[in-house]
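**Q** Chain by chain, the residues run as shown.
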Amino acid sequence: MKTNNINFTTSHLRAAVGSIRQTWLGVLLAVAALAVTMAAPPALFAAGQTGTGQQLDAPPAEPAPSLTISPGVIMVQAQPGQGTTQDVSISNLTPVEFKFDLEAMDVAVRDGKRVFVPAGEMPGSIARTAVFSPASVVVPPGSSATVHVTVTIPENPAMRAIVAVFRSNTKVQSPNGFAMTASLGALMTFTLSKTLQIEGSPLHFDGVSQGSNLVVSESVTNTGNEPVIPNGVVAILNSTGKLVGKVPVEAMRLLPGERLEFKAEYPSALQSGKYRALMTLEHDGTVLTTSSAFEIP
Amino acid sequence: MKEQLRQNRIGHDATVLLSSSHQMLKHFWIIVMLLTLAILSVESASAASLTLIFRSDATGISLGGTGTSAATMNFGNVRAYGGVVPAGVTKSINGTTSWTLSTPIDVKVTKSGLGTSANYTMTAQLQTSGLTYTWKLGPATLTSAFPATVTAAGVYSARTAYTFSLTIPFSAAAGTVNNTLDIIVTAN
Chain A
255 MKTNNINFTT SHLRAAVGSI RQTWLGVLLA VAALAVTMAA PPALFAAGQT GTGQQLDAPP
315 AEPAPSLTIS PGVIMVQAQP GQGTTQDVSI SNLTPVEFKF DLEAMDVAVR DGKRVFVPAG
375 EMPGSIARTA VFSPASVVVP PGSSATVHVT VTIPENPAMR AIVAVFRSNT KVQSPNGFAM
435 TASLGALMTF TLSKTLQIEG SPLHFDGVSQ GSNLVVSESV TNTGNEPVIP NGVVAILNST
495 GKLVGKVPVE AMRLLPGERL EFKAEYPSAL QSGKYRALMT LEHDGTVLTT SSAFEIP
Chain B
144 MKEQLRQNRI GHDATVLLSS SHQMLKHFWI IVMLLTLAIL SVESASAASL TLIFRSDATG
204 ISLGGTGTSA ATMNFGNVRA YGGVVPAGVT KSINGTTSWT LSTPIDVKVT KSGLGTSANY
264 TMTAQLQTSG LTYTWKLGPA TLTSAFPATV TAAGVYSART AYTFSLTIPF SAAAGTVNNT
324 LDIIVTAN
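Residue numbers (our numbering), protein chains in the order written: chain A, 255 to 551; chain B, 144 to 331.
Chain A on its own, in the form it takes in the complex:
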């Protein structure tokens, strides 16, 4: 009888423990699933602009028969005189064979904009030092190829970025017509010092008419010597200084001398009144804040 009691108690306890175990495992699996979801890559279909000539596709059920380069961007911290070797791969998911010649170009900045300059054309060219191994690859359908690119930073480099390009040398069959073939480049940026600085400009407002979404933008120039990637937030304050709302500013890479418009769109229409916008951009522990007043009629 005692044994039976124990059995009875044990079976209930066993059920209870089983339930606890299941719950415990359930919680852990849920946490695991959540963590894996959070660790998953950012949405492939980022918020894109829609407008003339642009449309967003639905996410494909399977990868498109395309070329993919990986990594697309390589950020290197180095010293002048140092060398670095990086691996860049290209995958061919198309049904045709591709032949690529490897080529490096310097990324210079002229009038605030990037331009690709053939290796060696500029003094202090980094691209001129690039050595690819192998120098060309043939990638059959469904295959990939990896190339080692070794770069030696000159003593006085004139730029802080190069592109390592898989230049398509594929002869696409196109009798009596034109063909298009894809080449993909990996951007390599080099940070050689701590001279990091950006400068802003007065804020610019679009869509200030009542009922429109407000777009706040600021032209930002990298006045330092190294690449930076500022990101930040725009805060909208009303006439009493109360926070009305804030929206994030997308991070963008700025090479030395480069100038870009950092923008944020306030997602809902503001009521008429006087406001103040503060755009705060942060990079490498440095903060740049710009403030301007505006009025919604």
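Heads up, a few of these hints could be off.
With a Cα cut of at most 25 Å, we get these calculated BS3-like pairs of lysine-lysine [said to hold, decoys possible]:
#1 A:Lys353 x A:Lys425
#2 A:Lys528 x A:Lys500
#3 A:Lys425 x B:Lys279
#4 B:Lys234 x B:Lys279
#5 A:Lys367 x B:Lys234
#6 A:Lys367 x A:Lys353
Which residues of chain A face chain B? A few of them, derived with a C-beta cut under 7 Å, are [claimed, not checked]:
#7 Val327
#8 Val330
#9 Gly366
#10 Gly431
#11 Ser437
Sample of chain A residues at the chain B side, in silico, Cβ under 10 Å [as the list claims (entries may be wrong)]:
#12 Gly326
#13 Asn346
#14 Val361
#15 Val369
#16 Pro372
#17 Gly374
#18 Val417
#19 Glu504
#20 Arg530
#21 Gly539
#22 Val541
#23 Thr544
#24 Ser546
None of these hints come from the bench; they were simulated from the model.
Glycine included, each C-beta is placed from N, C-alpha and C at the ideal position.
Chain B: place on chain A using the hints.
**A** Leaving out everything else, chain B in the frame of chain A:
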């Protein structure tokens, strides 16, 4: 013997009962390890990458190989005056100097794991010289000498239409025109 077995079973269950926290701890560490492996594999699979495909534009010429990274387009037999042009191709006469064929084509660039790249640069270059004619893609005039910038801030994941145009001077002799456009995309 039967009682002994029952006691053993009870004992076994009791042991399990007493050590349930240890079992849970064991499960916890197993799941932590699995979780770590899962995160590592996800990160490994999400290596930053860039993909480029061409697509026929809804209002443009039908591309061969649309939806892939190598496409073709065929204007057929066309002439400055008279004749017909393929669907999606526009013909225009530029005074007394030249005539132009143009059509939009779509380019779609997607990124994965490139969080700090807000947009992309697209350049284009002819594979062989075509100096007799004027080749354009979007705002860029193309040559075989160097890549011309088509856009410095292309939008990821958007099918963006760029107008391809070929301008033929009236002074050019009739003949076959073909070439390959090398479209070069780099993350910004």
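**Q** Confirm or reject each hint.
**A** Cross-check of the supplied hints:
Pair hint A:Lys353 plus A:Lys425 holds up; C-alpha atoms about 9 Å apart against a cutoff of 25 Å. Proposed proximity of A:Lys528 and A:Lys500 is supported: the alpha carbons are some 16 Å apart, at most 25 Å. Under the criterion of a C-alpha separation no larger than 25 Å, the hint pairing A:Lys425 with B:Lys279 is consistent with the structure, at around 20 Å. Of the pairs offered as hints, the one joining B:Lys234 and B:Lys279 holds, with about 14 Å between alpha carbons and a cut-off of 25 Å not exceeded.
The straight-line distance between the Cα atoms of A:Lys367 and B:Lys234 is roughly 34 Å, outside the 25 Å bound, and the hint therefore fails. Between A:Lys367 and A:Lys353 the alpha-carbon distance is near 31 Å, which puts this suggested pair outside the 25 Å criterion. Interface hint at A:Val327: satisfied, since its Cβ lies 5 Å from the closest Cβ of chain B, which is below the 7 Å cut-off. At about 14 Å, the closest approach between the beta carbon of A:Val330 and any beta carbon in chain B exceeds 7 Å, and the interface hint on this residue is violated.
Hint on A:Gly366 is violated. Least Cβ distance to chain B is approximately 10 Å, over the 7 Å limit. Among the interface hints, the one on A:Gly431 holds; its C-beta lies about 4 Å from the nearest C-beta in chain B, closer than the 7 Å criterion. Evaluation of the A:Ser437 hint against chain B yields a held restraint, the C-beta minimum of about 4 Å falling below 7 Å. The beta carbon of A:Gly326 is positioned within 10 Å of a beta carbon in chain B (closest approach about 4 Å), and the interface hint is therefore held.
Because the smallest distance between the Cβ of A:Asn346 and any Cβ of chain B comes to about 8 Å, under 10 Å, the interface hint for this residue holds. Given hint, A:Val361 at the interface with chain B, holds; its Cβ is 8 Å from that chain's nearest Cβ, closer than 10 Å. Among the interface hints, the one on A:Val369 holds; its C-beta lies about 7 Å from the nearest C-beta in chain B, closer than the 10 Å criterion. At its closest, the beta carbon of A:Pro372 sits 7 Å from a beta carbon of chain B; the interface hint therefore holds under the 10 Å criterion.
Proximity of A:Gly374 to chain B is violated relative to the hint, the smallest CB-CB distance being about 13 Å (cut-off 10 Å). Taking 10 Å as the C-beta contact cut-off toward chain B, the hint placing A:Val417 at the interface holds, the least distance being around 5 Å. The interface hint given for A:Glu504 is met, as the beta carbon of that residue sits about 5 Å from the closest beta carbon of chain B, less than 10 Å. With a least beta-carbon distance of about 26 Å to chain B, the hint placing A:Arg530 at the interface is violated under the 10 Å criterion.
Hint status for A:Gly539 relative to chain B: violated, with the closest Cβ pair at about 16 Å, above 10 Å. The beta carbon of A:Val541 is not positioned within 10 Å of any beta carbon in chain B (closest approach about 18 Å), and the interface hint is therefore violated. Checking A:Thr544 against chain B by beta carbon gives a least distance of about 19 Å; that is not within 10 Å, so the hint is violated. Of the supplied interface hints, the one on A:Ser546 is violated, with its beta-carbon coming no nearer than about 23 Å to a beta-carbon of chain B, more than 10 Å.
Consistency note: the structure conflicts with the earlier hints numbered 5, 6, 8, 9, 17, 20, 21, 22, 23 and 24.
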